[in-house]
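Asker: Given the sequences, and given the hints that come with them, work out the whole structure.
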Amino acid sequence: MAEEETVTATEQPSEAGPARQRTWLRGKNVLLFLAVFVFGSFIGVGSFTFLYANGIGYLYDEPEGCAQCHAMDDYLEGYNKGSHKDVATCNDCHMPHDNLAKSLWVKADNGFWHALKFTTGDYPTNIEIRESNRQVTNEACVYCHGDYLSGVHEVRAEGDELDCTRCHETVGHAK
Amino acid sequence: ERKNEAAQPSHNVVELTDTTYDPAVWGQNYPQQYETYLQTDEMVPTRYAGAHAVEQEPTEDDPRTEASSSRLEEDPRLEIMWAGYPFSVDYTHARGHEYMLVDQMYTQRVTDFNQPGTCLNCHASMPEIYNELGDGDMNAGFDAVNALSYEEAVEHASGPIACIDCHNPETMELQITRPAFINGIADLKAAEGIEDYDVNRDATTDEMRSYVCAQCHVEYYFDGDAGNRLTFPWSEGIHIDEIWEYYQKDGHIDFTHEITGAEIVKAQHPEFDLWRNGVHADAGVSCADCHMAYDRAGAQKVTDHQINSPLLDTNQSCGTCHSDDSDVLVNRVETIQDRFIVSRDQTFDALVSLIYNIEAAIEDGVDDEAIDLAREYQNKASFYLDYVYSENSYGFHAPDYIQSILMSSMDASRNGELALTGKTAEELEPSDISQANLERNEQRRSAANE
Amino acid sequence: ERKNEAAQPSHNVVELTDTTYDPAVWGQNYPQQYETYLQTDEMVPTRYAGAHAVEQEPTEDDPRTEASSSRLEEDPRLEIMWAGYPFSVDYTHARGHEYMLVDQMYTQRVTDFNQPGTCLNCHASMPEIYNELGDGDMNAGFDAVNALSYEEAVEHASGPIACIDCHNPETMELQITRPAFINGIADLKAAEGIEDYDVNRDATTDEMRSYVCAQCHVEYYFDGDAGNRLTFPWSEGIHIDEIWEYYQKDGHIDFTHEITGAEIVKAQHPEFDLWRNGVHADAGVSCADCHMAYDRAGAQKVTDHQINSPLLDTNQSCGTCHSDDSDVLVNRVETIQDRFIVSRDQTFDALVSLIYNIEAAIEDGVDDEAIDLAREYQNKASFYLDYVYSENSYGFHAPDYIQSILMSSMDASRNGELALTGKTAEELEPSDISQANLERNEQRRSAANE
Ligand SMILES: [Ca+2]
Ligand SMILES: [Ca+2]
Numbered sequence: 239m240a241e242e243e244t245v246t247a248t249e250q251p252s253e254a255g256p257a258r259q260r261t262w263l264r265g266k267n268v269l270l271f272l273a274v275f276v277f278g279s280f281i282g283v284g285s286f287t288f289l290y291a292n293g294i295g296y297l298y299d300e301p302e303g304c305a306q307c308h309a310m311d312d313y314l315e316g317y318n319k320g321s322h323k324d325v326a327t328c329n330d331c332h333m334p335h336d337n338l339a340k341s342l343w344v345k346a347d348n349g350f351w352h353a354l355k356f357t358t359g360d361y362p363t364n365i366e367i368r369e370s371n372r373q374v375t376n377e378a379c380v381y382c383h384g385d386y387l388s389g390v391h392e393v394r395a396e397g398d399e400l401d402c403t404r405c406h407e408t409v410g411h412a413k
Numbered sequence: 015e016r017k018n019e020a021a022q023p024s025h026n027v028v029e030l031t032d033t034t035y036d037p038a039v040w041g042q043n044y045p046q047q048y049e050t051y052l053q054t055d056e057m058v059p060t061r062y063a064g065a066h067a068v069e070q071e072p073t074e075d076d077p078r079t080e081a082s083s084s085r086l087e088e089d090p091r092l093e094i095m096w097a098g099y100p101f102s103v104d105y106t107h108a109r110g111h112e113y114m115l116v117d118q119m120y121t122q123r124v125t126d127f128n129q130p131g132t133c134l135n136c137h138a139s140m141p142e143i144y145n146e147l148g149d150g151d152m153n154a155g156f157d158a159v160n161a162l163s164y165e166e167a168v169e170h171a172s173g174p175i176a177c178i179d180c181h182n183p184e185t186m187e188l189q190i191t192r193p194a195f196i197n198g199i200a201d202l203k204a205a206e207g208i209e210d211y212d213v214n215r216d217a218t219t220d221e222m223r224s225y226v227c228a229q230c231h232v233e234y235y236f237d238g239d240a241g242n243r244l245t246f247p248w249s250e251g252i253h254i255d256e257i258w259e260y261y262q263k264d265g266h267i268d269f270t271h272e273i274t275g276a277e278i279v280k281a282q283h284p285e286f287d288l289w290r291n292g293v294h295a296d297a298g299v300s301c302a303d304c305h306m307a308y309d310r311a312g313a314q315k316v317t318d319h320q321i322n323s324p325l326l327d328t329n330q331s332c333g334t335c336h337s338d339d340s341d342v343l344v345n346r347v348e349t350i351q352d353r354f355i356v357s358r359d360q361t362f363d364a365l366v367s368l369i370y371n372i373e374a375a376i377e378d379g380v381d382d383e384a385i386d387l388a389r390e391y392q393n394k395a396s397f398y399l400d401y402v403y404s405e406n407s408y409g410f411h412a413p414d415y416i417q418s419i420l421m422s423s424m425d426a427s428r429n430g431e432l433a434l435t436g437k438t439a440e441e442l443e444p445s446d447i448s449q450a451n452l453e454r455n456e457q458r459r460s461a462a463n464e
Numbered sequence: 015e016r017k018n019e020a021a022q023p024s025h026n027v028v029e030l031t032d033t034t035y036d037p038a039v040w041g042q043n044y045p046q047q048y049e050t051y052l053q054t055d056e057m058v059p060t061r062y063a064g065a066h067a068v069e070q071e072p073t074e075d076d077p078r079t080e081a082s083s084s085r086l087e088e089d090p091r092l093e094i095m096w097a098g099y100p101f102s103v104d105y106t107h108a109r110g111h112e113y114m115l116v117d118q119m120y121t122q123r124v125t126d127f128n129q130p131g132t133c134l135n136c137h138a139s140m141p142e143i144y145n146e147l148g149d150g151d152m153n154a155g156f157d158a159v160n161a162l163s164y165e166e167a168v169e170h171a172s173g174p175i176a177c178i179d180c181h182n183p184e185t186m187e188l189q190i191t192r193p194a195f196i197n198g199i200a201d202l203k204a205a206e207g208i209e210d211y212d213v214n215r216d217a218t219t220d221e222m223r224s225y226v227c228a229q230c231h232v233e234y235y236f237d238g239d240a241g242n243r244l245t246f247p248w249s250e251g252i253h254i255d256e257i258w259e260y261y262q263k264d265g266h267i268d269f270t271h272e273i274t275g276a277e278i279v280k281a282q283h284p285e286f287d288l289w290r291n292g293v294h295a296d297a298g299v300s301c302a303d304c305h306m307a308y309d310r311a312g313a314q315k316v317t318d319h320q321i322n323s324p325l326l327d328t329n330q331s332c333g334t335c336h337s338d339d340s341d342v343l344v345n346r347v348e349t350i351q352d353r354f355i356v357s358r359d360q361t362f363d364a365l366v367s368l369i370y371n372i373e374a375a376i377e378d379g380v381d382d383e384a385i386d387l388a389r390e391y392q393n394k395a396s397f398y399l400d401y402v403y404s405e406n407s408y409g410f411h412a413p414d415y416i417q418s419i420l421m422s423s424m425d426a427s428r429n430g431e432l433a434l435t436g437k438t439a440e441e442l443e444p445s446d447i448s449q450a451n452l453e454r455n456e457q458r459r460s461a462a463n464e
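Chains as they are written, first to last, in the working numbering: chain G, 239 to 413; chain H, 15 to 464; chain Z, 15 to 464.
Possibly wrong hints are sitting among the right ones.
[To be verified] Partner residues are not named here, just some residues of chain Z that face chain G (Cβ under 10 Å, in silico):
| no. | residue |
| --- | --- |
| 1 | Tyr164 |
| 2 | Asn182 |
| 3 | Thr185 |
| 4 | Glu187 |
| 5 | Thr219 |
| 6 | Ala297 |
| 7 | Gly298 |
| 8 | Ala313 |
| 9 | Lys315 |
| 10 | Thr317 |
[As the list claims (entries may be wrong)] Result set (DSSO-like, lysine-lysine): computed pairs, CA atoms no more than 30 Å apart in a straight line:
| no. | chain 1 | residue 1 | chain 2 | residue 2 |
| --- | --- | --- | --- | --- |
| 11 | Z | Lys315 | G | Lys323 |
| 12 | H | Lys263 | G | Lys413 |
| 13 | G | Lys323 | H | Lys315 |
| 14 | G | Lys355 | H | Lys315 |
| 15 | Z | Lys315 | G | Lys413 |
| 16 | H | Lys263 | G | Lys319 |
| 17 | H | Lys437 | H | Lys263 |
| 18 | Z | Lys315 | G | Lys319 |
Because the hints were derived from the structure by calculation, they are not lab data.
Just so you know, these numbers come straight off a predicted model, no measurement behind them.
Note that the Cβ used here is the ideal one computed from N, Cα and C, for glycine as well.
Answerer: So, in structure tokens, the structure goes:
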């Protein structure tokens, strides 16, 4: 795994995309782990769950890693029925692609909240994505499909990009 | 290895058989479902529905200290629509299943009037009663209950709907326990071209998720020629025009209107009937999807057996399909409901006007032919309005269909008024264009059914 | 830094400026959009809409060899509703944008009647004309066009809607080019509590995806006091009751009815107005989402500029949001449309009845007060019916809202008939309960707007 090439933020996904895209950020896993771990350690409960739930798995890109928490089961199930099962991992859609610091922060932030809420059970039956995370996902779509959409985006002002999920809400997770 | 297999409740504390009537016993195997089942006694109001608790002095006739709010007080026009019929005396908002038996026992519609045992079919756990009165034969038990007086029948009732009313005790699969629905759905399927439909054999579980409710949440009547047999008027189809056609052919009426002398058919809670004509049903969304949505109980998802208004928790009830915020969803429903209320009110004012104008015309000695024609229109206007008034979603289960039903009621009221001015039935028929369009629709509908 | 700059199709074959009026020139930069734009001349019918081509003998007055089918022949009741108004002479089904100018030039509503230049605002590419007549000042150009006769104005027209009517030539961003909409939407926003709204500055692109259409697909009138200025009646709000209130306050009328003498307001194609009250608008689904759905063109995603009925390719127009089969989707739309037709027909028959009964009452010498009251009801019934009749989705854009509008029309017809029997306006008012419910709704609506 580790020897596979890392796709950097400036590269385009290639034709052979799927296999390679799976591996983006792989090289930074150790760093990530540390960041999240340190963050989580400040909060006892969070880090307890983090370890209990095999926190290290959280940092890997295998979708099964996310679904160690039964809270994520439905989304893994939807993902497995969805159109991106073979071309993108959870992190491809739910982590920023543009810069490392931001992705560390998003990961730590999410990791922390997920763990805390999971432990306390204080989350809704149908999880609702936060606006900030939805933005991250929208940018992920554009990251991979930018070429295809360049003509469409060209006629829009900066910061007024298409909201992909308005029409493609179910690409990641079929219902 | 997944974490969620950890804490499965054990399902075999007790063995369940087809004579395990007591839900508390089932609750030992299925504590989560039982616990929420018991919560159907909670009363929480929404803008239009839910349940509004009203305290009351217990009397000998009615020992309840808390009842559901009165719909007659809320809208006294109902007393005019139903003048001469028990409903004009007592009619409350629906509340949870826990109350179904007591609310029936103590309604003035029962305490002040003679009712047949037929009433019980939808207000008590019936498998035990059918078994007992029919000696193990459900259909015989059904006939027997219908033949009793309400007072005799209710003696046999041990409580409201129980697990065994919806579940097969051996397999826990959903099952239909009410002959009226078994017959009704077979009639409906036959009208749609499917012969010999046996619901317990032929229905999918997804269909069952609505059918178990449709045993009770439907328009019905008591067939006097068949010993007050509980009957669903579906053999022409389940569109209101088809139900109306059924009653016209059958000649069934429920009461004679006190003010006008018109013969009236009463409609009751057609939740299933309306839902089935809506877009949710078309998309396969069942009653249980919204009213018994899965709840997360620790590591598990369980079906929420606290059946109530889905607006009390839209994340749970709608969120599986609609990712919108709760505010947005509630607002969407209330917009539909508010619009429904405006149209319903226009229709109702029209019916009330017709009723008083018929009364005046009788006093003024207008000729019988005109009066009789107006009365026929009153019956139609009343049934169509009642059909959506007594349905409990306030327009939500099928928004545009429900509006179109109100339109037909309004049209009948308008024609009734014109009949009083001397127009004949022929003059009041739909125009040729309208009739041609109706035929065109009919063709598409029957083509779609094939 | 964005990824999408990589493989741009070359967009700079020619430079576009604010005087590049000819779409063929734009087409050199954007061949795919241009090609589909030209295809708006195709005519394909759907069950109700689309476009039905009819061959005809060219005459001097009307050189077209092919026209769109007549709505008057399809439904002669229209001639009764509009008796005395040009629409009763010629009214066809809408067809593609390519025809907008010729269809206006050769309609008998223009060839047989005097029309103001105002008509042109929605039937030709206007930026060139405004520039020319206003010396570069759009608003001056607008006033100038409105002040001309149609014959004078049309001399300036070079063709139907072009790229520059919707796009800023420098940035290609969507832009509003019609003063009537700039004013109208500012009025509407003000009614909703937003002051100084400047649509070209304040709207998001997602909003623009509907606003560009709303420049034309709206209810409008010509303000006679302001030199026949094209005006959208939105300063009370965009619910039909608010539009009606606007016209009542303003006193605007379009014609005097030939049969009854009633003063009538005419409604025209309020697609935007109805859409805005529907669930799709509430969910942020724009006109372009359905009528200009994205298409694949080689390695690029492009907006389909062949604006037509979405039912011709539901997979493209509905499919990304609704995963259902095309059959299912078309059936869902047609179910809504068929229901609409039934209600529309009931309403229409009622209006026709009222018109002839007023005529008869005049002949019978019924007193003026009663006749005048009935005429007022006729105006309301006519406007509400016309509003949804002349809207072109046959009930789809907002199914239950549209039904509720028909209900108000029907209610007015019914009241008109009662007025003829001597009932006073007071006696015909909504009941106290209805009024209380209306106020309750009003409160929720205004709370939601805050
Ligand atoms: Ca009934
Ligand atoms: Ca108008």
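Asker: State for each hint whether it applies.
Answerer: Hint check:
{"no.": "1", "hint": "Tyr164", "result": "34 Å, violated"}
{"no.": "2", "hint": "Asn182", "result": "9 Å, holds"}
{"no.": "3", "hint": "Thr185", "result": "7 Å, holds"}
{"no.": "4", "hint": "Glu187", "result": "6 Å, holds"}
{"no.": "5", "hint": "Thr219", "result": "5 Å, holds"}
{"no.": "6", "hint": "Ala297", "result": "8 Å, holds"}
{"no.": "7", "hint": "Gly298", "result": "6 Å, holds"}
{"no.": "8", "hint": "Ala313", "result": "7 Å, holds"}
{"no.": "9", "hint": "Lys315", "result": "5 Å, holds"}
{"no.": "10", "hint": "Thr317", "result": "7 Å, holds"}
{"no.": "11", "hint": "Z:Lys315 with G:Lys323", "result": "23 Å, holds"}
{"no.": "12", "hint": "H:Lys263 with G:Lys413", "result": "45 Å, violated"}
{"no.": "13", "hint": "G:Lys323 with H:Lys315", "result": "24 Å, holds"}
{"no.": "14", "hint": "G:Lys355 with H:Lys315", "result": "17 Å, holds"}
{"no.": "15", "hint": "Z:Lys315 with G:Lys413", "result": "25 Å, holds"}
{"no.": "16", "hint": "H:Lys263 with G:Lys319", "result": "51 Å, violated"}
{"no.": "17", "hint": "H:Lys437 with H:Lys263", "result": "24 Å, holds"}
{"no.": "18", "hint": "Z:Lys315 with G:Lys319", "result": "25 Å, holds"}
In terms of the numbered hints stated before, the structure departs from hints 1, 12 and 16, listed from lowest to highest.
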